[in-house]
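Participant: As a plain string of letters, each chain reads:
2 protein chains.
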Amino acid sequence: MKVVNAAGRLIETDISGETFKPFSGAKKHNYSSKITNLSDALKKCGLKDGMTLSFHHQLRNGDFVINKTLETVLNLGVKNIMIAQTAMFNVHNPIIDLIKEGIVTRIEGSINGVVGDYISRNPLPYPVVLRSHGGRWAAIKKDELHIDIAVIAASASDERGNSTGIIGKSAFGPISYSQVDAMHADYVIMVTDSIIDYPCKYQEIQERYVDYVAQIDRIGDSSNIMSGTTKITDDPMELKIARDCVDLMDAAEIIKDGMIFQSGAGGISLAAMKYLGERLEEKKVIASTATGGLTKLIVDIYKAGHVRNLYYSQVFDDYAVNFVQETLGIPADIGHYADPTSKGRTIDGLDTVVLGATEVDINFNVNVNTHSDGRMLHGIGGHQDTAAGASLCIITCPIFRKKNPIVREKVTTISTPGEVVDAIVTDKGIAINPKREDLIENLKGKIDIVQIEELKELAYDATGGPQELEFEDRLVGCTKWFDGTVLDIIKKVKGLE
Amino acid sequence: MKVVNAAGRLIETDISGETFKPFSGAKKHNYSSKITNLSDALKKCGLKDGMTLSFHHQLRNGDFVINKTLETVLNLGVKNIMIAQTAMFNVHNPIIDLIKEGIVTRIEGSINGVVGDYISRNPLPYPVVLRSHGGRWAAIKKDELHIDIAVIAASASDERGNSTGIIGKSAFGPISYSQVDAMHADYVIMVTDSIIDYPCKYQEIQERYVDYVAQIDRIGDSSNIMSGTTKITDDPMELKIARDCVDLMDAAEIIKDGMIFQSGAGGISLAAMKYLGERLEEKKVIASTATGGLTKLIVDIYKAGHVRNLYYSQVFDDYAVNFVQETLGIPADIGHYADPTSKGRTIDGLDTVVLGATEVDINFNVNVNTHSDGRMLHGIGGHQDTAAGASLCIITCPIFRKKNPIVREKVTTISTPGEVVDAIVTDKGIAINPKREDLIENLKGKIDIVQIEELKELAYDATGGPQELEFEDRLVGCTKWFDGTVLDIIKKVKGLE
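Sequences listed follow chains X and D, in order. Just so we're aligned: the first sequence equals residues 1 to 497 in the working numbering. Just so we're aligned: the second sequence equals residues 1 to 497 in the working numbering.
Derived by calculation from the structure, the hints in this document are not laboratory data. All values derive from a computational prediction rather than experimental measurement. Be aware that one or more of the hints could be misleading.
Same chains, same label: a pair holds when it works inside one copy or across any pair of copies.
[To be verified] Pairs of lysine-lysine, BS3-like flavour, derived with a Cα cap of 27 Å:
id: 1; residue 1: 303; residue 2: 274
id: 2; residue 1: 44; residue 2: 142
id: 3; residue 1: 284; residue 2: 201
id: 4; residue 1: 303; residue 2: 201
id: 5; residue 1: 142; residue 2: 343
id: 6; residue 1: 2; residue 2: 494
id: 7; residue 1: 142; residue 2: 27
id: 8; residue 1: 141; residue 2: 343
id: 9; residue 1: 435; residue 2: 28
id: 10; residue 1: 28; residue 2: 410
id: 11; residue 1: 283; residue 2: 240
id: 12; residue 1: 142; residue 2: 21
id: 13; residue 1: 274; residue 2: 428
Start from the sequences, fold in the hints, and give me the full structure.
Facilitator: Encoded structure:
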């Protein structure tokens, strides 16, 4: 067909068997500032009952943004909201009241502390879905988890929405969790307490994804933004476990030039990193890359020349934040770090990672989500992702804590399946997953290995065995493997009210 | 339904009315190098007849990658390929033989020079589709243009595919066109002549999108990588036009603190930027941002303190490449710069842009694609995008060249519709689009304006009017507006063989 288009040209609409649309007119693409307040931003995004709002947790226990947003939702008379935060802390205690009032009725995201305790006693109509960092990224990408409005905290933003967490009075390190929310949510609101001149110099989130920039007084309490989990343990038993981790790495022959290791937070893991740094120095080995969370400890190893690159997704202390402000280095957002649907990830080449556990079992399954009394108090974080990515995944724990056996027949909840766990280092010995025959062979004559069942027996002897829990049918939550399948369910414990 | 999953847990598959999949097993995500050769990479990507291969043009007239890839396609016995390059230069002359042999049968992408001349005389079975930078980005994002295999030149890559154009012996500035190809193509091959240690420090393309890294001897001839279009004109008539552009900006009151301007390549545009730099200095005005292509000229304006930020998508000369290697600044990929489907773009706040034309008409339509003899010799580039984005879009041209009127009744091809063109600055006066009544009012008494029809008459008087072309029905190509609609068609001229 021939038609005259809006530019006055006679054009064909069928060319070589394909259909072409005629030009219908052009207009100037004008521009206006996106700055508004949080309430107006939510209204302009069409906030209504039943929607899903997402958040990141990089302001940690200093975060004001989740509470402030949900308070605004309450004031707007909207209810029945699902929240999809990357994690939640004790500062989010006000959510308990919002749950009671029916404002928040569903949660898909990690929960640490008081809100988890409350929900363990008072399950929501839907189970809380716990995912790993990489699993959450993939779920949003695949629309298994659909976000209506992403509410993203930034320590600085320009009026167009180019935003960062690196600079500003509430700096928390590069925004690394929310790119997937920004790309896939229907609407995106950047929330900031610092509007800076265009163009924002750092742009972990770019204007192309941003609908509104909501200015609030303060996004967080800077004294609580930096995590408390970055203190190295001074417990002699834990220090021994940390040292044994490094001996295990050494015996497994992975402490060599070019090694890539994950540096997490958590007392024993940090101590292991400290000893690894010393071992690198002793052996005159230069590692290629430290991935994961950045702490002063890791920056010091870098500055001492024992690791060539810092490839970080989070920044855990003020020292590391200042370091990043001066020397950006190579930040990796969580998708680059751990998206299981991608063609290549930071964690895929990981030689080793040292991770914690609240419980482990004789099948090498690890629980990091529930306490042995059945309360859901922690998220999965990068546990699954790094365990599956690392050649040598080391889990550390004492065999018992107080009267509770940590090494046991069955974990209360499976967070990471034993299939991807290679070693468990405890105060009473190191157990290697029998499926890792190569590793067991390689370690022979170099390091003592015990059977996991022996560790369990020792733990049971010392404690009298685990507390038996009785469950109701009501679901508190479930853990998903990073491919979206259900790894385990968390039921309400009878008597926990 | 209750089932026992692969972790041995009894889980529910129907929870609160939703279906959950049971865990089916975990495995270690192991990693291996992606390095291979180009032929194997293409084979592993399942190259076959009828596929679409995409390329960027940032190696310009020094590019070896398109020719090398198509030669490999030929050697593999594959034919009927569509190529979707961002632009093509005279160095791509060998494509003419591949067209003759049926290896390349369809092109959607900008064509400069000899290949365009050939196709103008020998149309392909499908018309060449010409899109703007932003239009191409949107077409790939919307799958209007589907890429089977993206072949992306990088001046350095690590073995996982984290890649850059900033460093390496064939550095050409940040890769800025290919992110959309990487994100949406079925397969992605990085082609490089410089494999560097993991992790590559700059990563315009990240491993998450990369299937293979193909190592070749040289990706380009560095003496031809940097464009020849960055020489300022020394033609007195063109210098006058450039100066008049700056007088027009001044009269339109846009030369003020915080202004944002686009710095393109091309003789007159560059001269206008030089004069704008001087005017900023004279008026003691500090511009906010220079966007677009980076040249020594713009870096000098920045170093002199007359513009606070360089927000660049391309780097045009060695001086600017070196500058970027030392001071990364704020690169903007083409999606950030110009994707019309995004929520915010660099060009949306543009105060002014100075663009060229091969022809303009009395409706302010601009042709940059065809010569007046009907030959398709140039791409659209960012012409449409910046014209629609800028508050004051200035087109520069002489009213005639040799015996050919440039200002005319109707352009041979519409590249950018008059609707988004504000002013045409010529050697014989400045015409303002009558639709811009506000601008005309604002300029009164400050600057002389002529009617576009007067300029046309002068051009016709001096040349005897335009050469009339007779067309065949066969289509050489078409121009699309950045929303995917057909702006104009390019037919084969009778007698052009």
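Participant: Are the CA atoms of residue 142 and residue 27 at most 27 Å apart within a copy, between copies, both, or neither?
Facilitator: between (34 Å within a copy, 21 Å between copies)
Participant: Indicate which option fits the pair residue 303, residue 274 if close means a Cα-Cα distance not exceeding 27 Å: within, between, both or neither.
Facilitator: For residue 303 and residue 274, the Cα distance is within 27 Å only inside one copy (14 Å; across copies 44 Å).
Participant: Please sort residue 284 with residue 201 into within, between, both or neither, judging by C-alpha distance up to 27 Å.
Facilitator: between (38 Å within a copy, 24 Å between copies)
Participant: First find the shortest C-alpha distance between residue 44 and residue 142 inside one copy, then the shortest across copies, and answer within, between, both or neither for a cut-off of 27 Å.
Facilitator: Both, since 26 Å and 25 Å are each at most 27 Å.
Participant: Within, between, both or neither: how does the pair residue 28, residue 410 come out at a Cα-Cα threshold of 27 Å?
Facilitator: Answer is between; shortest inter-copy Cα gap is 22 Å, intra-copy 65 Å.
Participant: When no copy is named, should residue 141 and residue 343 be tagged within, between, both, or neither for a Cα gap of at most 27 Å?
Facilitator: Both. Shortest intra-copy (14 Å) and inter-copy (19 Å) distances satisfy the 27 Å Cα cut-off.
Participant: When Cα atoms must be at most 27 Å apart, do residue 142 and residue 343 count as within-copy, between-copy, both, or neither?
Facilitator: Both: 15 Å inside a chain and 21 Å across chains, each within 27 Å.
Participant: If the cutoff is 27 Å on CA atoms, where do residue 142 and residue 21 land: within, between, both or neither? Let me know, please.
Facilitator: Classified as between: cross-chain Cα gap 15 Å, same-chain 31 Å, threshold 27 Å.
Participant: How would you label the pair residue 274, residue 428 (within, between, both, or neither) given a Cα cut-off of 27 Å?
Facilitator: within (21 Å within a copy, 74 Å between copies)
Participant: Please sort residue 303 with residue 201 into within, between, both or neither, judging by C-alpha distance up to 27 Å.
Facilitator: both (25 Å within a copy, 17 Å between copies)
Participant: What label fits residue 2 with residue 494 when the C-alpha limit is 27 Å: within, between, both, or neither?
Facilitator: Cα proximity of residue 2 and residue 494: across copies only (21 Å, versus 74 Å in one copy).
Participant: With 27 Å as the alpha-carbon cut-off, assign the pair residue 435 and residue 28 to within, between, both or neither.
Facilitator: between (64 Å within a copy, 12 Å between copies)
The structure meets every hint from the earlier list without exception.
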